[in-house]
Each structure stands twice: as structure tokens, then as C-alpha cells.
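**Q** Protein chains in written order, with this note's numbering: chain A, 212 to 693; chain B, 135 to 635; chain C, 561 to 676.
Mixed in with the good hints, there may be bad ones.
With a Cα cut of at most 30 Å, we get these calculated DSS-like pairs of lysine-lysine [what the hints assert, rightly or not]:
#: 1; chain 1: B; residue 1: Lys301; chain 2: C; residue 2: Lys659
#: 2; chain 1: C; residue 1: Lys672; chain 2: B; residue 2: Lys301
#: 3; chain 1: C; residue 1: Lys591; chain 2: C; residue 2: Lys672
#: 4; chain 1: C; residue 1: Lys612; chain 2: B; residue 2: Lys301
#: 5; chain 1: B; residue 1: Lys344; chain 2: B; residue 2: Lys516
Label pairs and their computed distance ranges (CB to CB) [claimed, not checked]:
#: 6; chain 1: B; residue 1: Ala146; chain 2: C; residue 2: Leu652; range: 28 to 34 Å
#: 7; chain 1: A; residue 1: Ala215; chain 2: B; residue 2: Gln443; range: 45 to 51 Å
#: 8; chain 1: C; residue 1: Thr617; chain 2: B; residue 2: Arg189; range: 44 to 50 Å
#: 9; chain 1: C; residue 1: Leu652; chain 2: B; residue 2: Gln443; range: 33 to 39 Å
#: 10; chain 1: B; residue 1: Arg189; chain 2: A; residue 2: Pro433; range: 55 to 61 Å
#: 11; chain 1: A; residue 1: Asp613; chain 2: B; residue 2: Ser522; range: 51 to 57 Å
Looking from chain B toward chain A, a few residues come up when the C-beta cut is under 10 Å (computed) [what the hints assert, rightly or not]:
#: 12; residue: Ala351
#: 13; residue: Ile353
#: 14; residue: Val541
#: 15; residue: Ala550
#: 16; residue: Asp552
#: 17; residue: Leu564
Hints listed in this document are in silico derivations from the structure and should not be mistaken for laboratory results. Even glycine gets a Cβ: it sits at the ideal position worked out from N, Cα and C.
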Amino acid sequence: MILAVLVVPLLGAAFIALLGRWPNYRDAASVVTALSLFGLVLALVPRADGVMLDKFVLFETLPGLRLAFSIEPLGLLFALVASGLWVLTSVYSIGYMRAHHEEHQTRFYACFALTLAAAMGIALAGNLFTLFIFYEAMTLATYPLVTHHGTERAVHAGRVYLGYLFTTSIGLLLLAIIWTWALAGTLDFRAGGILAGKTDSTTVALLSALYAFGIGKAALMPFHRWLPAAMVAPAPVSALLHAVAVVKAGVFAVMKVIVYVFGTEFLQQTGLSVWLMYAAAATIVVASLIAVAQDDLKARLAYSTVSQLSYVILGAALANSAGVLGGSMHILMHAFGKITLFFCAGAVAVAAHKTKVSEMAHVGRQMPITMSAFLVGSLSIIGLPPFGGSWSKWYLILGAFDVAQLPLVAVLLISSLLSIAYLMPIPARAFFIREPGERPSQGVHEAPFACVLPLCVTAAGCLGLFFFAGEIYEFLFPLVQH
Amino acid sequence: MIDNQLPALIVATPLAASLLMPIFRSAEKPWVLSLLTTWAVFGMTVLLLLQLSDRSQSPDGRAVISYAIGNWMIPWGIELRIDRLNGFVLLVIAMISAIVTFYARLSVAQAVPQHRIPFFYSVWLLFITGLLGVAVSGDIFNVYVMIEISALASYTLVAMGQHENPKALLGSINYLVLGTIGASFFLIGVGYLYSVTGTLNMADLAERLKPLHGNRALITAFAFILVGLSVKMALFPLHGWLPDAHGYAPPIVSALLSGVAIKVAAYVMIRLVFSLLGMEFSFSILPTGPVIWVLSSLAIVIGSYTAIQQTSLKRLLAYSSVAQIGYIAMGLSLANENGLTGSLVHVFNHALMKSGLFLVAGIVSYRLGAADLELMAGLGRKMPFTMSALVAGGLGLIGVPLTSGFVSKWYLVSGAIDRGAMPLALVILLGSILAVMYIWKVLEIVYFRPSLDSARAVTEAPWSLVLPAWILIGASLYFGVDASLPSGLAEHAARFLLEQS
Amino acid sequence: MVVFDLYNYWVFILLMMIGLYTVIASPNLVKKIIGLSVLQTAIFLFLISLSKVSGGTVPITGPSAELYSNPLPHALVLTAIVVSVSTMAVALAIIINIKLTYGTIEDDEIRKTEGH
């Protein structure tokens, strides 16, 4: 069953590559793969009522170093988000890529499927070694997507992308993993952690730093530069990968390391993660400030993502139940919000050929559905009810209160204000500002249907998640039971 | 009966075949004979290793095969001695040379004039003979002679690259001068060892040296031998000869030089440091550890950094070899089980990867006439199989998980952590990051640059070239997924060494 | 004087240094090879001098030979001489090819033509 989750996207990639000559079949293959993957992941859900239910060992590279998978709520949540949104993104890509007349579409879809396979591997990884393998595989699989256009700029961005991700993962993460191995003698994810009581506090502090910065995909400052660089990629890539799959893989990994390697209790007792809370808080604020200054729409969204990712890291660093649950929920909530925004950005680029915030005037009238969805997504990111984002922020603030870190509460509130500052001007400008000398109205001109449908669905999702927060809470609760 | 003769036959077979070569006039027959010889050697090596593992299950549990040449009594006669360590090295040599020889036919036909081809194969087999001889020999003077046989053959082989690039001659003479100085130093050290012990047999030496720790002649001997071997294995800063020699030699020669020859020198160093002199002498009495830590760190960083700046694929790979030797030296200087295992596993893994990559470089120059990076623009679409081998091998050099390079780095970093030497762990990983840079530089050119007009008609190379390259690279990928064979052998060898010393 | 008792070492070191110096300092490839040869010869002398036993005779077993020099280093040196001669042969062959290709055997001039 777990194997199927990995194999389906791989098979999908193979089919896509084979069907490259017939675009219609190829695109159908992409959608079918996404649907069947989502179905498979859904089928796994009932099996995750306990923690670490299934162990599935594929092979063993060295004694004790095995490729193993297990199902647990956090991973399943991530798998669900990634695979579910992939369905929508596939539909969206068909509209976007055709409307944009992009080249190398076969490579694009195939790499997309490969990335999803890597995401599934990360989600279901049963130990750090497996996680690391798929983490690196994901970097490699997304590289052709980032450099998709093959221009000088894209190749340069690809260099930045790989440079940051490989430097952090090889230089810091791998070191941390091997160090953990030397200390604990195992790399398995276990409830309650594997490092507890095995080492002194200096080492733990050092290790936690290596993990937090080594997982470069979590974009903790100063290792965030790759994310804005990756924005040269086509919009669907930015939407699914650089708002959901890749970056969430990063924060997911951080969360998983904190919960299953260090153990929340252990961290709480030693109080060694306080520095991480403040590192995350700093990233939240600084990235938001940078976002305010960005004129390029996708760059602004990218910095917003950097900021929002640190919410999850903050939640993990709080290491109490409200923090961990809030952070985990934020993986889901932010995914829906941000993918909506990126879908909209892509739709605007396709239909109105505008990529800058300053050019957004009048777009609201031209593309009312898209911009409404943008508004919904923005509100969810900001954290206003009745949208999903409000819940995760609520729990994070609770968590910050629990550990009596009032400055963190302030940071969370300030960052909400900042996100209003960088997100709201966009729909506001689109709906209300009319440039002088502009022709009154060119009528409604939306992006292709295949683009508009997914963004409506995700916008609706932002709303819907507000009402299902209880179920999600229940689902994730086993994470903090220990 | 013949089973007992395997250690001698492994060396004698290629030597005899080498001497037969000049009677041929055509280009094909020498190749066929070389191929048969190297595969026969490979087969015999496997048989020998099986014998060795049988032996280790016997009651006394001593996994050593000893062979007295001409039945002269050991330690007066010359002994061939196979234990877990050199059995492992023997396997690497035999395996790589068998596969590379398979590749040789077209490559040599292009690189060497027709009438010289039989001589090429003659020297080629002599080279392999020398390497095998170093591995099996249990007598330290014999090791010197065998090192020199393989070295002399390799000077000649490097010089054969002159038909493609006359700089090969300069690389060769430079290599010869430095290599001879290195060998001379080794010989001085052997002289000192003999003067204090009166024996040349390595097992016997190990026994007799134990009470002599602290003897000044012994320290002198150690210093001379260490420096001599450092030249031979191109340990920084004595690596100056390597880039020219490996960079301008015919591709198959580079494959064997970079993949195997420098590892054989590393093997002798491991043998000397651990079995002969013992850990106590090498690491407690003398500060060998810190010295090699510094040198190997510099080798890794400077080697990789220089590789980034190269404009020719072969020179890039050559500088990468300088860095990789740094890893091997660092592993042995850690002097613990993980470090030593990492060192030995890397001997195996790097042999596969680097030979495979040099074969890829050979394919490129087979099609384009030279392996300059500029010429390789846009080859990704024209030679998909060759270039994907380049990608896979490159990822291995970086040490991406599920390639064998990752397994070696895993052991090495574990070893560094076990020793509490965090800076070394960081250097190893920094080397990986620099490797990303030099590999990616190549991949960007291959996949993103538009191809040159001169390369318009280039197509995929014949399978007899692509297949061997892929066998090596594929094996390195396989051993990244299931590392039990090389790491098992290496772990046994490392444990054997550490117990012995 | 203890220092001069071990004069064989002094000779060996002196010759070795002369050889090394020639290899490093001379731009002429043939002279480099000559230096190499001096270096190797120094080592041979060193090995042979090691085997000398004071008052010993040649190592031929007979009724009169009770104290004789150790024969093994001689055998080693014989082998090493063979290696050395082969090295010279290979080196000279390569130098001939360099002369044919570059028209000179001066290291610095070759470098000039190669544009280093």
C-alpha cells in the first residue's frame, strides 16, 4: 500500500514521458495519476489512528540504515495536502501551460510527478535516512522545473536554488543525521524521540541548530534566498511546489525531527529550543518586511511564504501541544491559502500579462472571479475568520502563551498586521484603483476555465477548512499524546 | 591442485600475456588476448576470495592465504600473502581492469596509431601486472619492484596520449621524475627497515618491529616511506604530477590510473601504517594523524576548488581525484573502525565512479576529438546515454544518497564524529558541496547550452563504449543502494587491521 | 669522531642532495634524468654500505668464510639497478619524443611554446 503511493507517481512520470508526443493523452495521464494518488493516500487515512502504525522496509543499504516507511498523522496530513492539491494543480497547469505556449511540457509534467513521488517519500519516511534521500531527490527533481525556461536568468536561479539547498542539506543536515546516528545508534522516528537522555545539552543545542538550518527547504533565514530565486519557474510550479510540496516538505521535516527525534518533552524540559523560537520569529518579521517592499507579485508571495513557513517552525520550537498542533495545522491552512494566491498570480499573468503589483490596477474588473479568490486567499493567510488560517494562528498564539513567551505573541500579531500590509493592497488596487487615462472597461476577460476552476476550489477550501478544524485537530492529536 | 597456485597465477598470467603481445601485427588480436587475460584474472581473484572466506570459517579462523614463491621457505623466500585487506584491493584492481579493457578496443584504436597497438596492450597488461603484484606481495622489497613496474608502464601509457595532445609527453616526464623520486624515497625507507630488522617479509617485519618502537632509524624509515607513498598516491601537496598525467593520458589509461593506481599506493600506506608499524607507533608515538588531517583537508578543499576552474573534463576529473585521495587519506588517519572502513569503501566506490567517468570523458573525446567542456555544449540531447552516465557518476562524486559516494561519506563522517573531530566532518561535507559546483558546471554546459555548429552531426557513441561506462557507473549506483558487499568486505578488512595493530 | 665514523651516510646524503638539486634546478630534461640517476645511485651505495660487516669477506661459502658480508642487499641493489636502468630507458624515450614534438628539451622553452 505504501509502496503504491510511491510507485504511482513514478509510473505516472514514466507514462507522461512515453505519451509526450500526444499532448492530450499526456495531460490526461497527469490528471489520472494525480487523482489515483490522492485516492490512495485517502485510503491510507483510516490506518493512521495510532502513531507509527505501519513499518515497511524496502531495503537496507548498511546494517541499520534502511529505506523504511511508516504512516503517522503528520506525514499523512502532508501527503494528503500535497496529493490533493496536485490534482487541482494538474488541471490548472493544463490551462496555464497551453495558454502560455510553454515548451518542454512533457519534461515539465514528468518532473512534476517525480517531485510528488519525492514528496510522498518524505511524508511517509520512517526514519531520517529515508527522509534525507527523498529530500535530496526532491531537490534534484525540482531543478529542471526551476530552470524550465532555460534562459540565462533561469539557469542562474537554478544555481542559487541548488546552491542553497545542497549546501545546507549536505553541509548541515547530513552532518546532523550522521551525528544523531553516532549518538543514538538509530535513525528511526519514534514517539518521544530517540535522543532523549543520550547526550548533553550543548550537543543538543548544536544539533537542533544543524537541523533547523540544515533543512534549507524550511527557508529559515538566512537560508531563504533560494525560494525567491525559484520564482522564475512557471506559475504552477510556484503554486504547488514552492508554496506547498517543497517548502512544506521542509517545515514538515523540521516538525518531524522535533517531535520524533528530539521529542517534545525533552526539548521542553531542557528549554533548548528557545533560540529557535526567536530565530523563527525574526524570520517571520523580516521576511514580512521584505515582502512589503516587493513589487513583483510572485516575489512578494515568495517572501510571504518564507515568513509563513517560520510559523510552522515556531510551532515546532514551542514544543508544546498547542504549538505542535498549530504548526501542523498551519502546514495545511497555509497550503490552501498560498496556492490560491499563486494560482491567481498565474491566472493574471496568463490573461492580463501582468506580473507586478503596481500594474494591478483594473485587473479586478477584468478578472472578478480570480481577484475574489485572491481576496479570500489573502484573508486566510492574514488569519481572519471565517477562513482556515485563523485556527492555526489561534493555536500558535495559545502555544506561545503556554511557554510564557509574550514577545512571540507580539510577533505573531505584528506579522498579521504586516501580512495585511503586503497582501491587501493587491486586491484593493485591482478592484478600486483606475489608472488615469485608462479606457473605461474592456469587459470581463478571465483566464482559461482550467485555470479558474482550481483557484475557485482552493478558495472554497480556505473557507471550508475553518469549519473542519475540529476534525483536523482530532486527527493530529496523537502527535502530542506522549 | 591449481587452486593452490592462484596467488602466483594472478600475477603470472597478465605478465605472460604481456610478453606475448609484440608477436601480433593486427589491432584486434591483442585486444582479444588482453580481454581474456583480464577476465581470467578477475575470475581467479573471485576464486581466491572465495577460498579466503572458506579459510576464515576454518577452526583457527585465520583468513590468510600464504604462497611461497619457488617453495623457498618464508621469511627468506618471497611470500605472496593474501588477507582480507589485499584481497579487497585485488578485487578492485581485477574488476576495474577487466571492465576497462572491454572498453579499450575502439578507444585505443582511435588514440594510438595502428602499428603501435600491440605494444600498447603489452604495456597495458604490464601495468595491470604491476598493480596486482603490489597487492599480492607479502615482501616489502617486492612491493617496491612491483610499484616501479606499474609506474614505468604507466609513464609509457601516459606518453601514448601524445597522439591526441602532445602535452601528454610533458605530463609523462613530469610524472616520471616525481614518481621516481617517490619510489627512491620508498626504497630508502625499505633500506632503513632492513637495517634495523634484517628482514623484508612484511609479516615478519611486523613482529620484529614491535619492540623497536622509538628507534630513530625506524622513524626515519617511516618518514621516507610515507613521503614516497604520498607522491605515488598524489596526496596534497605532492599531487602536482597527477592532473597533467591523468588529464592528458589516453582515456582508458586515465581510468585505470585514477581509479586504481593511486588507490594501490594508498593500500600500501594503509598496510604500512596499520599492519607493519602498528597504530601505537603511527598514531601515538608519531603525530601522523594530525599531519594527515591537515594535508588531506587541504587536498579535499584545494583539489575540489581547482576542479571547479578546469576547462577540460578530464583535468576536472583529475583534480577531483586529488580531492578523493584526500578522503581516503583522511579516513585512514582517523584510525578507527568507521574511518578506516570509509577509507576502504571509498577505494572501491571511487574506483567504480572515477573509472566510469573517465570512460565517459573518453567517449566524449571519441566523438568530439577532445573532452573540452566548451565542446560539450548541448550534448545532453545528442548522447543521452553517455551524458546520463555522466550525471549518475557526478552525483556519486557529490555523494548524493543512493549513490555509492554517499556510503563512503557516511562512514567517513561517522569516523570523524567518533573521533570527536567535527572540523574534519565539516571538511568532508564541504568537499561534497564543492563537488556539487564542479559537477553542476559540467551539467549546465551539457544540458543548457545550445550545441556548437561543429558538434551538429554528433550522435550517440557505439554501445561497446557506452556499455562499459554504464556497467561501472551502474555498479556504483547499485552499491549505493545495497552497500552490503563492499562495506562488508571493507569492514572485515578494517577490523582485521585494527585487531592486528 | 663519531660523526665521521658513519661516513658512508655522509656520502649517501651528499650524493642524494646533488641528485635532487639537479632534478629541481636544471631546466634541461636530460640533466634532470642524470640527476635522478645520481639520486638512485646514492641509494644503491647506501644499501650496499649497510651490508658491509667489518672484517667480513665476500659472501661465498667456503671453509675460510666465517665472517662475511650480508649478501641480501647486493641482490636488492641488483634488482634496483634494473629498475633504475629501465626508468632511464623510458625517460630517454619520452625525451626523444619531446624533442621531436617541441624541437627542444629545455623545460622553460617548452613551457613558453605551450603558453604557460
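**Q** Hint by hint, note whether the structure agrees.
**A** Taking the hints in turn, this is what the structure says about them:
no.	hint	in the structure
1	Lys301(B) to Lys659(C)	holds, 12 Å
2	Lys672(C) to Lys301(B)	holds, 13 Å
3	Lys591(C) to Lys672(C)	holds, 19 Å
4	Lys612(C) to Lys301(B)	violated, 46 Å
5	Lys344(B) to Lys516(B)	violated, 61 Å
6	Ala146(B) to Leu652(C): 28 to 34 Å	holds, 29 Å
7	Ala215(A) to Gln443(B): 45 to 51 Å	holds, 47 Å
8	Thr617(C) to Arg189(B): 44 to 50 Å	holds, 45 Å
9	Leu652(C) to Gln443(B): 33 to 39 Å	holds, 35 Å
10	Arg189(B) to Pro433(A): 55 to 61 Å	holds, 57 Å
11	Asp613(A) to Ser522(B): 51 to 57 Å	holds, 53 Å
12	Ala351	violated, 40 Å
13	Ile353	violated, 34 Å
14	Val541	holds, 7 Å
15	Ala550	holds, 9 Å
16	Asp552	holds, 6 Å
17	Leu564	holds, 7 Å
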